[in-house]
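Visitor: In order, the protein sequences belong to chains A, B, C and D.
Residue numbers for the first sequence follow my numbering, beginning at 1 and rising by one.
Residue numbers for the second sequence follow my numbering, beginning at 1 and rising by one.
Residue numbers for the third sequence follow my numbering, beginning at 1 and rising by one.
Residue numbers for the fourth sequence follow my numbering, beginning at 1 and rising by one.
Among the clues, some could well be false.
Same chains, same label: a pair holds when it works inside one copy or across any pair of copies.
In the DSBU-like style, the derived pairs of lysine-lysine whose C-alpha atoms are separated by at most 30 angstroms in a straight line are [unchecked claim]:
| no. | residue 1 | residue 2 |
| --- | --- | --- |
| 1 | K239 | K160 |
| 2 | K100 | K121 |
| 3 | K160 | K121 |
| 4 | K182 | K121 |
| 5 | K100 | K138 |
| 6 | K121 | K205 |
| 7 | K51 | K100 |
It should be emphasised that the hints constitute simulated quantities derived from the structure, not laboratory data.
Listed here are the chains, written in short residue letters.
Number of protein chains: 4
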Amino acid sequence: MYKIDLNSDLGESFGNYTIGMDDKIIVSISSVNVACGFHASDPVVMQNTVKLAKENNVRIGAHPGFADLVGFGRRNMDVSPAEAKAIVLYQIGALYSFCKAQNVELQHVKPHGALYNTAAKDRMLANAICEAIYEFDKNLIVLGLANSEMINAAQDMGLKVACEIFADRAYEDDGSLVSRNKEGALIHDEELATKRMVRAVKEGKIESITGKDISVTAHSICVHGDGENAVAFTKKIRKQFIAAGISICPLAEIVY
Amino acid sequence: MYKIDLNSDLGESFGNYTIGMDDKIIVSISSVNVACGFHASDPVVMQNTVKLAKENNVRIGAHPGFADLVGFGRRNMDVSPAEAKAIVLYQIGALYSFCKAQNVELQHVKPHGALYNTAAKDRMLANAICEAIYEFDKNLIVLGLANSEMINAAQDMGLKVACEIFADRAYEDDGSLVSRNKEGALIHDEELATKRMVRAVKEGKIESITGKDISVTAHSICVHGDGENAVAFTKKIRKQFIAAGISICPLAEIVY
Amino acid sequence: MYKIDLNSDLGESFGNYTIGMDDKIIVSISSVNVACGFHASDPVVMQNTVKLAKENNVRIGAHPGFADLVGFGRRNMDVSPAEAKAIVLYQIGALYSFCKAQNVELQHVKPHGALYNTAAKDRMLANAICEAIYEFDKNLIVLGLANSEMINAAQDMGLKVACEIFADRAYEDDGSLVSRNKEGALIHDEELATKRMVRAVKEGKIESITGKDISVTAHSICVHGDGENAVAFTKKIRKQFIAAGISICPLAEIVY
Amino acid sequence: MYKIDLNSDLGESFGNYTIGMDDKIIVSISSVNVACGFHASDPVVMQNTVKLAKENNVRIGAHPGFADLVGFGRRNMDVSPAEAKAIVLYQIGALYSFCKAQNVELQHVKPHGALYNTAAKDRMLANAICEAIYEFDKNLIVLGLANSEMINAAQDMGLKVACEIFADRAYEDDGSLVSRNKEGALIHDEELATKRMVRAVKEGKIESITGKDISVTAHSICVHGDGENAVAFTKKIRKQFIAAGISICPLAEIVY
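One chain only, chain A, in its complex shape (with noise of 0.2 angstroms):
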């Protein structure tokens, strides 16, 4: 039977600021990944969400960035390995006293924003990340770009990887992202990019932006949180899987 996570970063909120329609999102999806505070997100808004996602029986992530709540955690910082194992840490284990309190596991680390996309390329980041992953709980699930370095290194160390592709994004023949700044990286047709996630998880292949079918891995979908469709297409696309023969299931049950 084919299977599939949903994942969506929530919790993004911060003190006075609301962002996200997180109690729409989360009916929606199995796995959440939730701010650590670092990038968005504060302590009050960590256990509520940590809250929200037990109510709704989805899995939790810790979803640590650089230390940059201003730029969101999106402008690359240029950190030493040694800086970002300690951050990743430091966020991974504010998280988990959340889930501690509350009763419920911690099951997989995302990196976010800059992070997630520097240690897709740069190996010596994905090490370091993956090594406060290991040390923190080898049983962790790492959540990455199919096809990253951050991928490998997580294999390399042995822990558990999942590989997500995005319903919105099209993809190089080398399957790596098209860069956002490039003519064609966005997938506006909701049609078309709900068939190409179906065909992903049933024939692991997706068309690249060349035309060329390109293998891919893909054990969960990133569905946005915010913007005015995404509650939509979230249903949408979930339907659909549904109809496919695809179920929703967190990544605990795919990745083990």
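With chain A held as given, fit chains B, C and D onto it using these hints.
Guide: Relative to chain A, chains B, C and D alone:
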């Protein structure tokens, strides 16, 4: 046999800023309170401080404070109980992560600065902090000011409590500390200070500022980690405890 | 001829977080209080807010707050007068820079949130804030709560003062605001609210919560920049002022 | 007559953290670069540093950096030109406020750390910084690395520029600094270092790491404010300049 713990607030350096003589003090104490990044410290410093404690066989406690780096957590902030609980959970978890990665246990929690002082008098705040500790791990020891609301709250919640007294501070008749603004609040005479501490441990008594004998429970003595005299004084008090037949051992061997 | 200023706290967005309907409110007000990066806002938001104000011919004031982004400057912090003076100077200068770069004047200073509320009652804090304003530019107008220590401090220092009153708040017999915790503190009836404001401007009187007429000096009315009703209410109060023969003009044309 | 400015980065303490020997260095320099609270310093420290400079008749410059306190502004951050311009405007204004309150002028602006290093090579970033300076006050002097894009950008914009050279650094044939990772990058021999500086000022020449004579423009020498040898070296270089007939005077008397 008489026992006492010596605790000190270490790991208060931050980025490029170094504070304290951690490696000199650590050899003389039995428990260390490690700053958690809100009022002092950063992830790299926390990692190094846990390593230093482990190497010196010193037991580790979380030292959570207000989110006020520029004020070093010494300025009171009007946080709600819910906010206080969340910031304590966050900080305990963050420190726990470095302990787990290095395979050492977390022994206790001691609030820092204004959070410590306000929770000593404000039962609502004390309750919030104790709830965080209880929900994270009900076997953690709460280290607080002897005769304080913090100790009362922890006891009522069924947590293990350890009371600390201060070698360099005078006491009021009711067992509270004489305010730093008052004449005679600080005890500068080291001979007198150590004698008072030995007596507090052996007899459970300390002479108040008015000359009355008052009862104190002393599980731990707090010694400073910076200041020109800190290292010498810590060695001296340690020596005199041993000379008086009092053994220095971590909280976990005193309170259980 | 009767005159009143309408002021609003805008420019409170931060990085990826958007708050307030600044471009909808700005067209109806005469003075804007711009957050300065401590409790809200960031350098890019400040720059854009100054631009927006300039384009709409609205006069600009600095809106300094406590360094508490996660608490939006609403939690009291125990800062010393010296610290308060320094953080106010810092924030005024930061905003001034964007004004100077865009060739517009700084008109006034209004403390934010807990700094505003505490300075309304604490003369030491009020003095510290006023010293900062005076030393930066003694021609700046201090915008504060009518009948407050902030106004007293500014007047005694020889600064120009402007008193603000609140359309949606009830008043005690002594001219202070009824605490939000008390029954009847908020005036939800918009008709009543605008009538009270018109009377306050024309007669210098407002009915207290006990039904007594009390004297108020009203140079400015504070209107909200967010909330579903803010834009409509601001337009309404503006219209009714004009209908009552009261002209809306910036503080600098009222207080000089 | 030969003239040179001695500049140093001071005012880098933060809250409870003290760094640098500001009061010992200030007596030997002619211009001070004051940290502005993003990579180091806080409002109280800024106020005190301006006071110290004024008392010692040393001219003041803003030393803006990336918003990275834990990294001391030394880690490159991928900011957009618009963000860079806004953070520079913000920081210049913040420091200007303390100058204005104490009735001293702002003389110059020198970017700090990674902002300095990146702007030396990246013309877009250099332009953004120079725009901020120009819009705040086109009479401010831009202090930058000799032969850098920062200097080029400032000159093209019509700003006054001052070039600084480093006593303890070796130079490449093209006039750039030898990277710290390369053998021979640092000049530890103080005699040699001061001789090189004297020659640079008098002859406009410095011997490169390959032994070639290269041309340099030297308006200012940067001396360290911390490190065990900083005070002694600064006194020594000062004495040798004077012995060589070179007068020490602030930038504003050299570049105009």
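Visitor: All hints, please: hold or fail.
Guide: Comparing the hints with the structure gives:
no.: 1; hint: K239 - K160; result: within (28 angstroms within a copy, 52 angstroms between copies)
no.: 2; hint: K100 - K121; result: between (33 angstroms within a copy, 28 angstroms between copies)
no.: 3; hint: K160 - K121; result: within (19 angstroms within a copy, 42 angstroms between copies)
no.: 4; hint: K182 - K121; result: both (18 angstroms within a copy, 26 angstroms between copies)
no.: 5; hint: K100 - K138; result: both (17 angstroms within a copy, 11 angstroms between copies)
no.: 6; hint: K121 - K205; result: within (22 angstroms within a copy, 43 angstroms between copies)
no.: 7; hint: K51 - K100; result: both (11 angstroms within a copy, 24 angstroms between copies)
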